[in-house]
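Visitor: Here the protein sequences line up with chains A and B, keeping their order. Mapping the first sequence onto numbering that gives the first Met the number 0, position 105 (from 1) lands on 104, and the numbers just tick up by one. Mapping the second sequence onto numbering that gives the first Met the number 0, position 91 (from 1) lands on 90, and the numbers just tick up by one.
Since the hints were made in silico from the structure, they are not lab data. Worth double-checking, as some hints may not be accurate.
[What the hints assert, rightly or not] In the DMTMM-like style, the derived pairs of lysine to aspartate or glutamate whose C-alpha atoms are separated by at most 25 Å in a straight line are:
id: 1; chain 1: A; residue 1: 167; chain 2: B; residue 2: 30
id: 2; chain 1: A; residue 1: 156; chain 2: A; residue 2: 170
id: 3; chain 1: B; residue 1: 41; chain 2: A; residue 2: 114
id: 4; chain 1: A; residue 1: 88; chain 2: A; residue 2: 114
id: 5; chain 1: A; residue 1: 167; chain 2: B; residue 2: 4
id: 6; chain 1: B; residue 1: 80; chain 2: A; residue 2: 17
id: 7; chain 1: A; residue 1: 156; chain 2: B; residue 2: 63
id: 8; chain 1: B; residue 1: 80; chain 2: A; residue 2: 22
id: 9; chain 1: B; residue 1: 41; chain 2: A; residue 2: 59
id: 10; chain 1: B; residue 1: 41; chain 2: A; residue 2: 17
id: 11; chain 1: B; residue 1: 80; chain 2: A; residue 2: 59
All of these numbers come straight from a predicted model, not from anything done at the bench.
Okay, here's what each chain looks like letter by letter:
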Amino acid sequence: MESSLSDEALMLAATGGDLAAFEQLVLRHQESAWRTAYRMVGCRREAEDLAQEAFLRVFEARDRYRPTAAFRTYLYRIVVRLCLDHLRKRRPLATDGLAPVDSQLSAEQQAAESEQAQAVREAIACLPANQRTAIVLRYYEGLSGRETAEAMDSSVKAVERLLARARKTLEVRLGDFFRD
Amino acid sequence: MRCGDAQSKLDRFVAHELTSAERAQVGAHLESCAACRRALAKFRRLQGILADAPAPPIPGGFADRVVARARTQQAAAARSKRGPRFEQSAWKTIHFSAARAAALAAGLLLGLLMGRDTWRASAGPQAVAAAQQTDVLAAAGLESLVESGGDSLAHSYIRLTLVGER
Chain A
0 MESSLSDEAL MLAATGGDLA AFEQLVLRHQ ESAWRTAYRM VGCRREAEDL AQEAFLRVFE
60 ARDRYRPTAA FRTYLYRIVV RLCLDHLRKR RPLATDGLAP VDSQLSAEQQ AAESEQAQAV
120 REAIACLPAN QRTAIVLRYY EGLSGRETAE AMDSSVKAVE RLLARARKTL EVRLGDFFRD
Chain B
0 MRCGDAQSKL DRFVAHELTS AERAQVGAHL ESCAACRRAL AKFRRLQGIL ADAPAPPIPG
60 GFADRVVARA RTQQAAAARS KRGPRFEQSA WKTIHFSAAR AAALAAGLLL GLLMGRDTWR
120 ASAGPQAVAA AQQTDVLAAA GLESLVESGG DSLAHSYIRL TLVGER
């Protein structure tokens, strides 16, 4: 049953070992955590592992949780850190600088994906990891500039610069779609 | 304001996240700069293009799998908390009992040796030899434990304490 408690109240209940409260938090935020991880690493299976790991880190650290920042930002920060670590470890395998295209999409799913959507996915995958993170949090997850900076352990100005550079790259790569 | 500064603030300008002073500065720059107006139009177009690439749906049962793992983790943590404390107290009890048993055994052995030496000294070699022939305990070197008239272990102990008093 959906709880009316705030995220922070649920997290405090989870601190006392209340698994039902933790489950509510997972249900509320599973989509954003999974989506963020998917857009960062470009693979469904890896996104599932990373998003699961993020929630388990939250659960493990529940005794140390202090509701000083919004739970949502706290979770994004953990997801982002895990994804960046994962990408750093994977980097030697990506010889052409491209993040791997999702190997778990069926032929039908790939065909259904519009040409533009596929181009967007590939263009985002080509961005440096920190620019990709800023794009994902800001434009897909709808975080404010300040929340994006908090989730990235960075400053608002640094995020502004990352976004400006990323937008320039995307405008070049997606130039065909700017003409109509 | 330079074009670079204005363009880096475009997304916060569009999202109404700038302070009123910053917003006024960017707005004034946009009015006077065609290049930044084009950049703003491109930015709005890019937002539309990005929105046209939705992520696939989350795999079914995701939350159940996370909660199951959390439950396992919680149970393991509870076991590891309980385990060492129980083992510690069990070892403490065992150590204490062993120390008590050792002290008791040492006391008994000491009493036995003292009683035997006192009895041998007072009874003389003939009495010892006679006792060794008639009693199993005496044959085993524990003749001081043999009850023989007034020369029992108890009598020996009493004699020893009386000698000590004199």
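Visitor: A separate judgement is required for each hint: does it hold in the structure or not?
Guide: Verification of the supplied hints:
1. 167/A to 30/B: 22 Å, holds
2. 156/A to 170/A: 21 Å, holds
3. 41/B to 114/A: 20 Å, holds
4. 88/A to 114/A: 30 Å, violated
5. 167/A to 4/B: 14 Å, holds
6. 80/B to 17/A: Judged against 25 Å, a Cα distance of about 18 Å means the pair holds.
7. 156/A to 63/B: Violated: residue 156/A and residue 63/B sit about 39 Å apart, past 25 Å.
8. 80/B to 22/A: 24 Å, holds
9. 41/B to 59/A: Since the Cα atoms of residue 41/B and residue 59/A sit roughly 44 Å apart, the hinted pair is violated (cutoff 25 Å).
10. 41/B to 17/A: 48 Å, violated
11. 80/B to 59/A: 14 Å, holds
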